[in-house]
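Visitor: Take a look at the letters that make up each chain.
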Amino acid sequence: MQKDNRESGKQRMPLEGIRVADFTWVQAGPWVGRYFANYGAEVIRVESNTKVDWARNVPGGKTTVNGRLRKGALFTNFNCDKLGITLNLKNAKGLEIAKRLVAVSDVVCDNFSAGYMDRIGLGYDELKKIKPDIIMLSMPVFGSTGPRKRYAGYGTGIQAAVGLSSISGFPGRPPGVNIALPDMGPNPTHATVALLAALHYRNRTGKGQFIEEAQFESSLSWMGPMVLDYTANNRVPSLQGNSLSHAAPHGVYRCSGNDRWCAIAVFSEEQWNAFARVIGNPAWTSDQRFSTLPQRKEHESDLDKLVTAWTSERTAEDVMRLMQEAKVPAGVVATGQDVLMDEQVKSREYYIELEHPDGTAFCENIVIKFSHTPGKIRRLGPATPGQDNEYVFQEILGMTEDEINMGYVEGAFD
Amino acid sequence: MKTEESRDSALTDVRVLDLAGESGLYCTKLLGDLGADVIKIEPPGGDAVRRVGPFYHDDLDPERSLHFYHFNTSKRSITLNIETEEGRDILAKLVKTADIMVETFAPGYLAENGMGYEELKKINPRLILVSITGFGQTGPHANYVSSDLIGLATGGLLYTIGFPDDPPTTLGASQAYHMASSNAAVGALIALLNRDVTGEGQWVDIAIQGTALRLSEMAPYTYWLVGSYRKRSGLEYYRGLRDVFPCKDGRVICSALGGSGAGKMLDWMESEGMVADLRDDKYAIVMAIMTGGSFYGKGDQNKTRLDVASAKLQDFPEEVRHIEEVWESFLMTHTREELFVGAQERGVRLMPVNDVKSLCEDIGLKARKYFVQVDHHELGESLVYPGPPYRLGETPWKISRRAPLIGEHNKEIYQDELGLSEELLESLKSANVI
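From first to last, the protein sequence lines stand for chains A and B. Just so we're aligned, residue 1 is where the first sequence starts under the numbering used here, counting upward by one. Just so we're aligned, residue 1 is where the second sequence starts under the numbering used here, counting upward by one.
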């Protein structure tokens, strides 16, 4: 059971008192522990010195080392607020220490291939013996059963495999969607939802459990009514470009400048009338062809040309502002630069820069805002593997200095 | 061992009031499918989302929206006009019994109607209010209006999707709404765990733009780092290499050329006599850049003798094009499934580009019984739905009931649970409150 260990006057973090042993790596997995860490859980990220996390190898910080961009800023972003230790799980002493960590944890998570934790002796049945109410999450891409259980996968591939690119794009064009959306979207958020629900259940009943998230299935669950349209109507959806069945105009419209665009989405009659007012009620807006939503959908390509004629004379920022002042949904199609200049983004502090031993590093700030127990990013992820070995081994696991030194000799922390 | 049916759900002790529009429906679906008692509060006549397609057998009836069906599983429905005083009194009664309330009204709407967080808190201090809006409750754009498209646009992802010569191209299946909703569910449950300890509720503020930023990959980050921003790259990912290729029966996405899989891929092609001249010295440097410049590097950069940081693929456009052509002619001799299986056996990064038909026929999903049947007695048949995003061993995910009809549970909730009299309900009905 969680404890309320508030000191008087100290702001409570909402997940205070929960400890997570985080065996994940790369991207989708670390985001799970990050949700916990940013809201006050003590998350201990276990790394390997022999199999270095991909995110440590990507060019990162603004400073250069030997003429190259310093690496690892993605890692320090994905793992901010976590403590970092190194363990060699294939070493007997390393494995023993991993089990001692589990014994004092509430949650264990990994995103290795199916069965890996079982094979090295850290499977759920084993962990349950050490900590009966442990909650364990594994994220094998295709699950631990079925003909594809040994398969590996990766974000951009999962996106294509669950059909997202088959329903995104302009008619007649090949799939031009090439993004790792599952790694930041469905997979870490679903896993976090499942873990939090399991923690609430444990608070109520005292019972832990094993949770499996097959990332392929998790990502497919974001594909919405597409499945029902097929199973009920036998329809394979066609490509719709930027249009939507229940809105018109609805799209991305060219604005003045090089590759500048504004998105506009008109759903209701009220919004259509406001839209017409904003563009000065030209005669065509009262044309029979555009008088109702079904009419506007039928003549959508003509409509889009007329809208573009108006937007292309103005900046994307002006189009957004004029539309929004009239309560018409509109937004600049923001580049990475636009995002960082956006007054709303600044005001809500979605990005912060934090100190790093080699200079400054970029960090995505929290996006879920709480009125009473706001989370806070306190520090970057471990700058080097094993940065917090001494603290975790001594203060959390109660190891003596001699024992730790022996661990180094035996290669437990490689 | 207990049967699946008799097992407990994780959130059976949690009641959720669902006042959400399109952007928040997935949040309450997540909670409902984990066992929460979700009461959907619709305006008399039914929720606007009931008019969103696709429709069952293309019948444009508000009780036949497949869009509504999908996002409203495991929920009950009552009709209530919360803009009337009587409606607000009834809502207050429900708030007393609720743990979580999810809403997507414009900032200030609830407060103007006497139901802002401060008022709700007086009725039930344990209540967790989750608000999902386009831009959040604070900031200069708090009152701006949004949609899924606007969320992806202002969140920085949309600009990077599609081909350089096309307009930025949006994603299907409302990904920005899914992102906002999933984060809202995370927020609701974090607040619930906090309440498990402190007994206090609170207000959770989710912005569609804010959560969509998380989907924009490294677009803002890249700008911060090197002062340039990511552009639309069509069939290519980051590396200046093509990722999407046609094959015998469709397409595959293959990132092998950008990493350690490239060598394995050449071995595979060679074993089938299709490697052409790619083993020639002429291509050695390009292959080395490809394997050495691995974005997903597993130490490949240490294996190559070349300094891949200084050699760039862009300096070898003809060689790259040729390699891609040879590669494509090999892929064209196999089906998606053959390539998928063969790539997995060899440790090559390749996955099929599926559509909904191939997904519904996928052997892996079938073996794991991913898709689930949900009974629709009013249609006289069962429909097949997407299944569990996660599998909890002790407290299984499940669709406990199909989406409700308009006000289907008015009697059950108003009379049997809140104890309102039949006469009162009749008068509220004629006053168009319910």
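Honestly, the hints are just simulated from the structure, not real lab data. Do not take every clue at face value.
What the hints assert, rightly or not - Keeping only pairs whose Cα atoms sit at most 27 angstroms apart, straight-line, the calculated DSSO-like set for lysine-lysine is:
id, chain 1, residue 1, chain 2, residue 2
1, B, Lys121, A, Lys71
2, A, Lys51, B, Lys264
3, B, Lys96, B, Lys369
4, B, Lys366, A, Lys149
5, A, Lys71, A, Lys93
6, B, Lys248, A, Lys128
7, A, Lys10, A, Lys131
8, A, Lys51, A, Lys99
9, A, Lys149, B, Lys312
10, B, Lys264, B, Lys231
11, B, Lys121, A, Lys207
12, A, Lys369, B, Lys121
13, B, Lys231, B, Lys248
14, A, Lys128, A, Lys71
15, A, Lys305, A, Lys346
16, B, Lys96, A, Lys369
17, B, Lys231, A, Lys346
18, A, Lys327, A, Lys305
19, A, Lys10, A, Lys51
20, A, Lys376, A, Lys71
21, A, Lys149, B, Lys122
22, A, Lys369, A, Lys327
23, B, Lys398, A, Lys149
24, A, Lys149, A, Lys90
25, A, Lys207, A, Lys129
26, B, Lys231, A, Lys305
27, A, Lys71, B, Lys312
28, A, Lys369, B, Lys122
29, B, Lys122, A, Lys10
30, A, Lys376, B, Lys121
31, B, Lys248, B, Lys122
32, A, Lys99, A, Lys71
33, B, Lys231, B, Lys357
34, A, Lys149, B, Lys96
35, B, Lys369, B, Lys312
36, B, Lys369, B, Lys357
37, B, Lys366, B, Lys411
38, A, Lys10, B, Lys121
39, A, Lys149, B, Lys264
40, B, Lys93, B, Lys122
None of the values given here were measured: they were computed from a predicted structure.
Visitor: Against this structure, judge whether each hint is valid.
Guide: Verification of the hints:
no., hint, verdict
1, B:Lys121 to A:Lys71, "48 angstroms, violated"
2, A:Lys51 to B:Lys264, "20 angstroms, holds"
3, B:Lys96 to B:Lys369, "39 angstroms, violated"
4, B:Lys366 to A:Lys149, "13 angstroms, holds"
5, A:Lys71 to A:Lys93, "30 angstroms, violated"
6, B:Lys248 to A:Lys128, "48 angstroms, violated"
7, A:Lys10 to A:Lys131, "30 angstroms, violated"
8, A:Lys51 to A:Lys99, "20 angstroms, holds"
9, A:Lys149 to B:Lys312, "37 angstroms, violated"
10, B:Lys264 to B:Lys231, "30 angstroms, violated"
11, B:Lys121 to A:Lys207, "31 angstroms, violated"
12, A:Lys369 to B:Lys121, "18 angstroms, holds"
13, B:Lys231 to B:Lys248, "30 angstroms, violated"
14, A:Lys128 to A:Lys71, "38 angstroms, violated"
15, A:Lys305 to A:Lys346, "34 angstroms, violated"
16, B:Lys96 to A:Lys369, "24 angstroms, holds"
17, B:Lys231 to A:Lys346, "23 angstroms, holds"
18, A:Lys327 to A:Lys305, "22 angstroms, holds"
19, A:Lys10 to A:Lys51, "40 angstroms, violated"
20, A:Lys376 to A:Lys71, "25 angstroms, holds"
21, A:Lys149 to B:Lys122, "51 angstroms, violated"
22, A:Lys369 to A:Lys327, "25 angstroms, holds"
23, B:Lys398 to A:Lys149, "23 angstroms, holds"
24, A:Lys149 to A:Lys90, "23 angstroms, holds"
25, A:Lys207 to A:Lys129, "13 angstroms, holds"
26, B:Lys231 to A:Lys305, "24 angstroms, holds"
27, A:Lys71 to B:Lys312, "19 angstroms, holds"
28, A:Lys369 to B:Lys122, "21 angstroms, holds"
29, B:Lys122 to A:Lys10, "24 angstroms, holds"
30, A:Lys376 to B:Lys121, "24 angstroms, holds"
31, B:Lys248 to B:Lys122, "64 angstroms, violated"
32, A:Lys99 to A:Lys71, "31 angstroms, violated"
33, B:Lys231 to B:Lys357, "31 angstroms, violated"
34, A:Lys149 to B:Lys96, "47 angstroms, violated"
35, B:Lys369 to B:Lys312, "46 angstroms, violated"
36, B:Lys369 to B:Lys357, "16 angstroms, holds"
37, B:Lys366 to B:Lys411, "39 angstroms, violated"
38, A:Lys10 to B:Lys121, "22 angstroms, holds"
39, A:Lys149 to B:Lys264, "21 angstroms, holds"
40, B:Lys93 to B:Lys122, "12 angstroms, holds"
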